[in-house]
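Based on the sequences and whatever the hints tell you, model everything.
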Amino acid sequence: MAAEALAIGGGAGFSSDRTDAAGPVVATLVARGGPAALVFETLAERTLAAAQLARRQNPELGYEPLLERFVGPVLRSCVEHRIPIVGNFGAANPRGAARRLQALARGLGLRALRVGVVEGDDLSDERGRALLAEYLPRGRSGFVSANVYQGAKPIADALRAGAQVVVTGRVADPSLAVGPAMAHHGWAEDDWPTLGRATMAGHLLECGAQVTGGYFADPGFKDVPNVAHVGFPIAEVVADGAFTIGKAANTGGLVDARTVKEQLLYEVHDPAAYLTPDVVADISEAEVRELGRDRVAVTGVRGHPRPATLKVNAWFEGGSLGEAEISYAGPNAEARARLAAEIVRERIGDALAIRFDLIGVLSVFADDGGRMLATRSPGDARDVRLRAAAAHADRARVERLLEEVTTLYTCGPAGGGGVRTSIRSRLSTVSCFVPRELVPARFEILE
Amino acid sequence: MTMARVALHRIAHGRTGDKGDRSNISVFVYRPEAYPLIVEQLTEARVAEAFRERRPTAVKRYLLPKLQGMNFVIDGVLDGGVNDSLNLDTHGKSLVFLVLALEVEMPAGLVPKNP
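For the record, the sequence lines run as chains A and B.
Going by our numbering, the first residue of the first sequence is number 217, and it counts up by one from there.
Going by our numbering, the first residue of the second sequence is number -11, and it counts up by one from there.
Among these hints, one or two may not hold up.
Below, simulated BS3-like cross-link-like pairs (lysine-lysine); rule was C-alpha separation at most 27 Å, straight line [said to hold, decoys possible]:
hint, chain 1, residue 1, chain 2, residue 2
1, A, K438, B, K54
2, A, K527, B, K54
3, A, K438, B, K7
Honestly, the hints are just simulated from the structure, not real lab data.
Printed below as a string of C-alpha cells:
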C-alpha cells in the first residue's frame, strides 16, 4: 500500500487566493482514485501578524478569514473519499479554526470531524518573548508577535493519529505537503534524500497557480490557455520522494518545463541549500522533463541534513504608511505632475521623507530615495498619476501629507483630478534563528 | 558572423521572488544554444549596474546549466522589503523585467523571429 504514489493537491497559494480553485483539484483527486491529500497555504509572512492583532481584538478570531470559503466547497468530498486536508489556515488561532471547521462539518451533516491541531509555533507570550530575548536585537519597542517555522513531523503525527483535517499556524510552506507524504510513505525524519525531493514537490505546490501558468503569462512570448480559469497543481509523490507535477482536470493554465523551472527557483537563494525545518534541499543538479501534456517530472533533487536552528519572524509596530495620488492628462501633463510633486515637497519640508512616483512615466522600477527618477529628464507623458508615499511613527505627520495632496485640487497645477488617499498602520519584522530543541512542536486531536 | 543586439526578453524568461530586503531573480533561456551567451554576458556586474540606483550590497549569481538558467540573489534592493518599502510594488515582483530589458549580443542567426 505504501508503495502507491500519494497525490497531493494544492488548494490555495496565499491568504487572498481564489476560493473556487480547490473544487476542481478535489474532483481530479477523486476521479484518479488512490491515496490523496489536499493542502492549503494561506499564510504569508505579514498575514500572520495581522491575524495576531485580530485575535487580540476577538479571542475567537485570528485564523484565516476565508477559512470556510476555502474548505466549505470541498469538505464533504474530502471526508467521504478519505482525502486529508492540511492547511496553515489556523494562523494565530489554530484551535479557533479547528472549532470552526467542526461546526462547518456539523452544518454539512457530516459525522464528528477529527481535527489535528499543530502548535508550538507561537512565541508571542511571555515565555516565548523571554526565550527570544537572547536572539532578537535589543532595545526595539512595540513588540507585537513572534512565530517560529515548524516542520512536517507534527503534521505527519497528527495524520497517523487519524486526523481528517490538520490545522497549523506557522509551518514552513513545503512542510504542508511533506507532512502527508511522510505519514503515507512512513518516512524517517532523517531520510534526507527523500525529504529533499518531497520538499521540492511541496515547494512547487505552495504557491498554487504559480506552477500552472499563473504569474507567468507574457502575451506573444509565454501564452497560457484559458488563464482566467487556471487550474491548481497536483503532485504525485512516490515512495522515495520522487515526483511529477500536473494540474486539475478540465481547467485552464499549463504545466510545462518553463512554468516548473520558474517556480522551482521562486524565493530560492542558493540552489544547493534551500533551508526548511525538515531538510536542506539541493536543486543545483535538478532537471525537469515534460512527460506529456501538463505533466512534468523533476529529477536530480538532493537532500542534506536539516538545519540545527529554526527561523523565527518577530513583528513590531511599524508606524503609519500614507499614500496619496492625483492625475494629470493631456498636453504638458508630465510637467504639471512634476510641479505638483515640487509643491508638496516644499510644503512638507523636512518633516517627512516622501517618495514620489510618476505613474505612466516611472514608478515601480524606481527606488524610495528617488535616485532613478532623478535620472529621468522630463518628458511629454500625457497621462500621469502622481503618487506620494511616506511612513512615519507619528501618524499626524503622515496625515499632513494626505492633506497636502488633497489641497492640490484647488491650490495645485491646472487640471489635477482624481485624488485618492489612504493611511494604515504597518508592522515591521525582524528574523532570527533559534536552536530547534528550544521550540518543540506538538499536536493534539480534537474530536 | 553577424551579431545582433536583442533584449534578453526575446530569448529568456524568469520570475522574481523576495524575502526581506533580498530579491531573487531567475532567468532561463528558451533555447539551449543561447545559454552560453547569457552565461558570458549576463554577469553579476551587469545586473548590479541595472540596479545601481537601489544600491545593492551584494549580487550573487548561481548557474543552473541543467535547467539552462541562472539565479541572481540581490541584497539590499527592496528598500527594506515588503513591510518597509514605500514602493507600490513592495515585493519587487516586477523586477525580473528590469533584467529582461537588458540587451545581449548574439549571432543574428540565433535571434528568434518576432512573436
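The hints, checked one at a time:
1. K438(A) / K54(B): holds, 21 Å
2. K527(A) / K54(B): violated, 30 Å
3. K438(A) / K7(B): At roughly 26 Å apart (the allowed maximum being 27 Å), K7(B) and K438(A) satisfy the hint.
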